[in-house]
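K.L.:
One-letter residues, chain by chain:
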Amino acid sequence: MSSTIVFVLIAFVLLVLFAYLATRRTRDLPDLDRTVTAIRSLDMEAFRNLVDPEEEEFLRASLPAQAFRRIKRERARTALIYVKELSSASLQFARFGGAAQRSPDPAVAAWGKQIANSAIYLRLRALDASAQLILSATFPGLRPRPLRSLLEHYDRATGLVLNHNALRRTHSQAS
Amino acid sequence: MVQWYKFVLYYLWIAPHALLPVVSVLMLMRRLHKSFPVFFLYTLYETLGFLLRFAAYGFASGRLYRYAFIVTLAGSTALRFGIIQEIFNHVFHGYSRLETLATASMRWLTGLLLVAAILSVVYSSGSISDNLMAGVALLSRSVAIIQAGLLLFLFLVSRIFGLPWHSCAFGIAFGFGVFASTELAVSALHLTDLTEHSKDLLDLLPTGSYHVSVLVWLGYLLAAEKPLGAATHSVSEMDQWSGELERTPQ
Chain F
26 MSSTIVFVLI AFVLLVLFAY LATRRTRDLP DLDRTVTAIR SLDMEAFRNL
76 VDPEEEEFLR ASLPAQAFRR IKRERARTAL IYVKELSSAS LQFARFGGAA
126 QRSPDPAVAA WGKQIANSAI YLRLRALDAS AQLILSATFP GLRPRPLRSL
176 LEHYDRATGL VLNHNALRRT HSQAS
Chain A
32 MVQWYKFVLY YLWIAPHALL PVVSVLMLMR RLHKSFPVFF LYTLYETLGF
82 LLRFAAYGFA SGRLYRYAFI VTLAGSTALR FGIIQEIFNH VFHGYSRLET
132 LATASMRWLT GLLLVAAILS VVYSSGSISD NLMAGVALLS RSVAIIQAGL
182 LLFLFLVSRI FGLPWHSCAF GIAFGFGVFA STELAVSALH LTDLTEHSKD
232 LLDLLPTGSY HVSVLVWLGY LLAAEKPLGA ATHSVSEMDQ WSGELERTPQ
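The listed protein sequences derive, respectively, from chains F and A.
Quick note: the first sequence uses this note's numbering, first residue 26, plus one each step.
Quick note: the second sequence uses this note's numbering, first residue 32, plus one each step.
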């Protein structure tokens with residue numbers, strides 16, 4: 026009887042989850058204000074410094090081991106906050122891209138596809154970066170892989186949006 | 032058998048199968064049978080399977096009905112796995128790197144769910160009666176575990192990465208999710224010692240949830256994909272957004 030109760034409970038939780046995901050789908054529209062606020066609040070230069078491997082090597086060489094570990098932990102935790110914001114922004118990028126893909130204008134639809142693709146890779150890199158930073162905060166002695174590709178993907182995704190804006194302006198000036 | 036029960040039982044058995052041809056016709060009209068061929072085949076197969084079972088129920092012996100039920104159930108189960116694969120292909124189409132990652136994760140998950148299903152069979156096999164229908168319930172429970180798990184995985188991965196779903200694909204997956212979850216509970220309850228009255232009431236659940244699933248499919252097919260309104264709105268928002276972004280120091 027106990028296994029039956031477990032299966033019935035699992036089934037109930039699954040039903041609730043499916044219903045929740047279905048209702049969330051209609052509400053999961055891109056949140057313009059939140060994304061702009063989040064991106065504006067990001068000091069990308071500070072983030073680049075936080076995850077710069079050369080900066081880390083310099084700190085490792087010039088600080089005593091204990092002080093280095095403490096600072097490395099703090100840097101990793103701060104960088105994690107940035108990565109979470111980037112990850113959240115990438116989700117909004119993906120939603121915008123997804124909405125644009127449904128546009129009747131083939132140029133906008135193609136651009137939407139590019140944005141969505143770029144955003145998804147940015148999100149993948151952000152998830153990978155989060156795991157690395159958690160590892161760094163837990164074991165400061167480890168030398169994690171540089172987060173260069175995360176920054177490259179962020180630049181690419183924002184670049185795509187900016188290119189769109191420039192193109193749109195050229196079109197409106199021409200017409 | 033009480034009159035209301037008989038009415039509800041027949042209604043829940045016949046109504047979804049009467050609506051399935053409408054789903055097939057709608058798919059043909061919207062040319063969705065080309066995008067979702069396995070699901071289209073499933074709607075036709077289920078309609079024909081129902082006619083076969085209904086004929087066996089009305090005109091043949093109970094034994095023949097049971098065999099018709101088991102044979103059509105096997106085909107239906109196989110098609111449902113095909114539909115999950117079809118939805119997977121739709122959701123990850125065009126995202127090659129993510130597709131590779133998701134394919135590998137899905138293989139591992141299928142393996143894990145299979146092990147969980149086998150373990151649940153091994154664990155339960157001592158306590159259930161040794162007849163054909165109990166075996167079918169055990170198998171149904173295992174299939175429901177795997178299918179519900181795979182569907183949940185699809186929903187969660189697409190949500191994590193903000194993947195856009197074709198509304199028809201979402202409707203199909205959601206309908207099967209509801210059906211698989213109910214099937215899991217019902218098949219688990221069927222393996223316990225229930226009174227005849229409880230068993231009768233329990234029989235209404237899978238047909239009821241199937242009815243809900245068919246209505247979900249019908250609803251998502253009838254509700255037009257929102258290409259113009261939603262996209263135009265979002266694109267104008269994007270213009271505003273990219274303008275804001277441009278003013279943001281990089």
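Please note that a few of the clues may not be correct.
Just some of the chain A residues that point at chain F, by a computed CB distance under 8 Å [said to hold, decoys possible]:
{"no.": "1", "residue": "A99"}
{"no.": "2", "residue": "F100"}
{"no.": "3", "residue": "L129"}
{"no.": "4", "residue": "L183"}
Partner residues are not named here, just some residues of chain F that face chain A (Cβ under 10 Å, in silico) [claimed, not checked]:
{"no.": "5", "residue": "I30"}
{"no.": "6", "residue": "R49"}
{"no.": "7", "residue": "R50"}
{"no.": "8", "residue": "A90"}
{"no.": "9", "residue": "Q117"}
{"no.": "10", "residue": "F118"}
{"no.": "11", "residue": "A119"}
Chain A residues, not near chain F, derived (Cβ > 10 Å throughout) [to be verified]:
{"no.": "12", "residue": "Y76"}
{"no.": "13", "residue": "H121"}
{"no.": "14", "residue": "L132"}
{"no.": "15", "residue": "D231"}
Calculated from the structure, these hints are not laboratory results.
Just so you know, these numbers come straight off a predicted model, no measurement behind them.
Glycine is no exception: its CB is placed at the ideal position from the N, C-alpha and C atoms.
K.L.:
Now tell me if each hint is right for this structure.
P.N.:
Each hint, compared with the structure:
Given hint, A99 (chain A) at the interface with chain F, is violated; its Cβ is 27 Å from that chain's nearest Cβ, farther than 8 Å. The beta carbon of F100 (chain A) is not positioned within 8 Å of any beta carbon in chain F (closest approach about 22 Å), and the interface hint is therefore violated. Checking L129 (chain A) against chain F by beta carbon gives a least distance of about 6 Å; that is within 8 Å, so the hint holds. Proximity of L183 (chain A) to chain F holds as hinted, the smallest CB-CB distance being about 7 Å (cut-off 8 Å).
Restraint check, I30 (chain F) versus chain A: the minimum CB separation of about 9 Å is within 10 Å; hint holds. For R49 (chain F), the interface hint holds, since its Cβ comes within 10 Å of a Cβ in chain A; the closest pair sits about 8 Å apart. With a least beta-carbon distance of about 7 Å to chain A, the hint placing R50 (chain F) at the interface is held under the 10 Å criterion. With its C-beta approaching chain A no nearer than about 36 Å, A90 (chain F) sits outside the 10 Å limit, and its interface hint is violated.
Look at Q117 (chain F): its Cβ gets to within about 8 Å of chain A, closer than 10 Å, so that hint holds up. At a threshold of 10 Å, the smallest CB-CB gap from F118 (chain F) to chain A is about 8 Å, leaving the interface hint in force. Here the hint on A119 (chain F) is kept, as its CB sits about 3 Å from the closest CB of chain A, short of 10 Å. Distance to chain F confirms Y76 (chain A) as a non-interface residue, since its nearest Cβ pair spans about 24 Å, more than 10 Å.
For H121 (chain A), the non-interface assignment is confirmed: its Cβ lies about 13 Å from the closest Cβ of chain F, beyond the 10 Å cut-off. A beta-carbon of chain F is positioned within 10 Å of the beta-carbon of L132 (chain A); the least distance is around 8 Å. No beta-carbon of chain F comes within 10 Å of the beta-carbon of D231 (chain A); the shortest separation is about 18 Å.
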